[in-house]
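Enquirer: Sequence:
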Amino acid sequence: MGVATRRFAIAGAALALAGFLTELGFDRSRAVAADAAEVRILSLGGDVTEILYALGQEQKIVAVDTTSQFPASALTDKKSVGYLRALSAEGVLSMNPTLIIASEQAGPPEVVKAIKGSGVQYIDIAEKQTAESVPEKVRRIGEVVGAASEAQTLASKIEADFASLESDRKQIKDRKKVLFVLAVQNGRATVGGVGTGADAVLQLAGADNAAAGVNGYKPVSDEQLAEFSPDAVVVMSRGTADRHGASTALELPGLSQTPAAKTKNLIEMDSLYLLGFGPRAPSAAHDLMKALYPEPGQTAATP
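Note that the sequence shown covers residues 1 to 303 in our numbering.
Honestly, the hints are just simulated from the structure, not real lab data.
Hints should not be assumed to be uniformly reliable.
Computed list of lysine-lysine pairs in PhoX-like fashion (alpha-carbon distance at most 25 angstroms, straight line) [what the hints assert, rightly or not]:
#1 Lys290 - Lys157
#2 Lys157 - Lys177
#3 Lys113 - Lys128
#4 Lys157 - Lys128
#5 Lys290 - Lys177
#6 Lys116 - Lys79
#7 Lys170 - Lys157
#8 Lys290 - Lys170
#9 Lys128 - Lys116
#10 Lys264 - Lys290
#11 Lys60 - Lys78
#12 Lys173 - Lys264
#13 Lys177 - Lys128
#14 Lys157 - Lys116
#15 Lys113 - Lys157
#16 Lys264 - Lys177
#17 Lys60 - Lys170
Taking CB as the label site, the calculated pair distances span [to be verified]:
#18 Pro219 - Gly119: 39 to 45 angstroms
#19 Ala212 - Glu132: 18 to 24 angstroms
#20 Glu110 - Thr130: 25 to 31 angstroms
From a predicted model like this one, the values you see are computed outputs, not experimental measurements.
Glycine included, every Cβ here is placed at the ideal spot set by N, Cα and C.
Could you build all of it, start to finish, from the sequences and the hints given here?
Expert: So, in structure tokens, the structure goes:
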């Protein structure tokens, strides 16, 4: 596609969106000037929605995305605009929001750009996955929705919970080497390497990432799996239908002779709970720690 053709296509899309907004009766000035009593929040991101509910702002939420799975009522009581990374400007703006609070993972980029250009207040929430980032997100969202006091209380509790987790982590005598398996497809495992939420939560739980030589989430060979030689394998539970096959990870040839397989040390946890880095993050990391180290001071050699 030539430059002129591409520009024409973009201009056409912009005109189509403008026409759509007109049909909706979307008032740009009203969206910008809406007072607190008229706030209609569209929440994009499981962590964002969880924080809004924890701050008691659920009555202001008009719609969420499909990653907003906690609390469960978010998906049942609120309208959905689809998957976080596959949004449509029309779908989002048809909810007539006055405030959009969105994870940085929201996309596609051209759709987010169009939404921001509509005049609706749009707040980006940084997608960092650290102990420090969680209370930061809480305070930021609290400030935006006028719940700074409630946010400070919640953020302080989260910080205290992370401090308690750090204290427990110091009691671990010998850190286990743990492999996070995101999915198993066509006989190959996709694992969580450095720079991932999986790596961050393993560190918080007092474990070493067996896939520390991998960047991001990557499929790996059986030879690599064998070299990882993990003491335990962590997978995401997805209900009764494991569409990603992760629960069969220990049956893979590359893992079948590892310490994890010999002790049948497979740990399943809810994906949003473990990787969401919302208000429950300290609890999730602590639960993983307890699963890895059932007894205080347990070492990697303990069955």
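Enquirer: A separate judgement is required for each hint: does it hold in the structure or not?
Expert: The hints, checked one at a time:
Of the pairs offered as hints, the one joining Lys290 and Lys157 holds, with about 20 angstroms between alpha carbons and a cut-off of 25 angstroms not exceeded. Using a Cα cut-off of 25 angstroms, the hinted pair Lys157 and Lys177 is violated, with the two alpha carbons roughly 30 angstroms apart. Proposed proximity of Lys113 and Lys128 is supported: the alpha carbons are some 21 angstroms apart, at most 25 angstroms. Between the alpha carbons of Lys157 and Lys128 the distance comes to roughly 19 angstroms, so the proposed pair stays at or under 25 angstroms and holds.
Between the alpha carbons of Lys290 and Lys177 the distance comes to roughly 15 angstroms, so the proposed pair stays at or under 25 angstroms and holds. Distance restraint check for Lys116 and Lys79: the Cα-Cα separation of roughly 20 angstroms lies within the 25 angstroms cut-off, and the hinted pair is therefore satisfied. Between Lys170 and Lys157 the CA atoms are separated by roughly 20 angstroms; this keeps the pair inside 25 angstroms, and the hint holds. The hinted pair formed by Lys290 and Lys170 meets the criterion: a straight-line CA distance of about 14 angstroms does not exceed 25 angstroms.
A distance of roughly 22 angstroms separates the Cα atoms of Lys128 and Lys116; the hinted pair therefore holds under the 25 angstroms criterion. Proximity of Lys264 to Lys290 is assessed by CA-CA distance (about 16 angstroms); at most 25 angstroms being required, the pair is judged to hold. Distance restraint check for Lys60 and Lys78: the Cα-Cα separation of roughly 10 angstroms lies within the 25 angstroms cut-off, and the hinted pair is therefore satisfied. Between Lys173 and Lys264, the direct Cα distance comes to roughly 22 angstroms. Compliance with the 25 angstroms bound is thereby established for this hinted pair.
Annotation: proposed proximity of Lys177 to Lys128 holds, straight-line Cα distance about 24 angstroms (limit 25 angstroms). About 33 angstroms separates the Cα atoms of Lys157 and Lys116, which puts this hinted pair outside 25 angstroms; it is violated. At most 25 angstroms may separate the alpha-carbon atoms for a hinted pair to count; Lys113 and Lys157 exceed this at roughly 35 angstroms. Of the pairs offered as hints, the one joining Lys264 and Lys177 holds, with about 14 angstroms between alpha carbons and a cut-off of 25 angstroms not exceeded.
Taking the CA atoms of Lys60 and Lys170, the gap is near 42 angstroms; set against the 25 angstroms cutoff, the hint is violated. A beta carbon spacing of about 43 angstroms between Pro219 and Gly119 agrees with the range 39 to 45 angstroms that was offered as a hint. Distance hint check for Ala212 and Glu132: the Cβ-Cβ separation is about 22 angstroms, which falls inside the suggested range of 18 to 24 angstroms. The hint said 25 to 31 angstroms for the Cβ distance between Glu110 and Thr130, and at roughly 29 angstroms that hint holds.
Consistency with the previously given hints fails for numbers 2, 14, 15, 17, ordered from lowest to highest.
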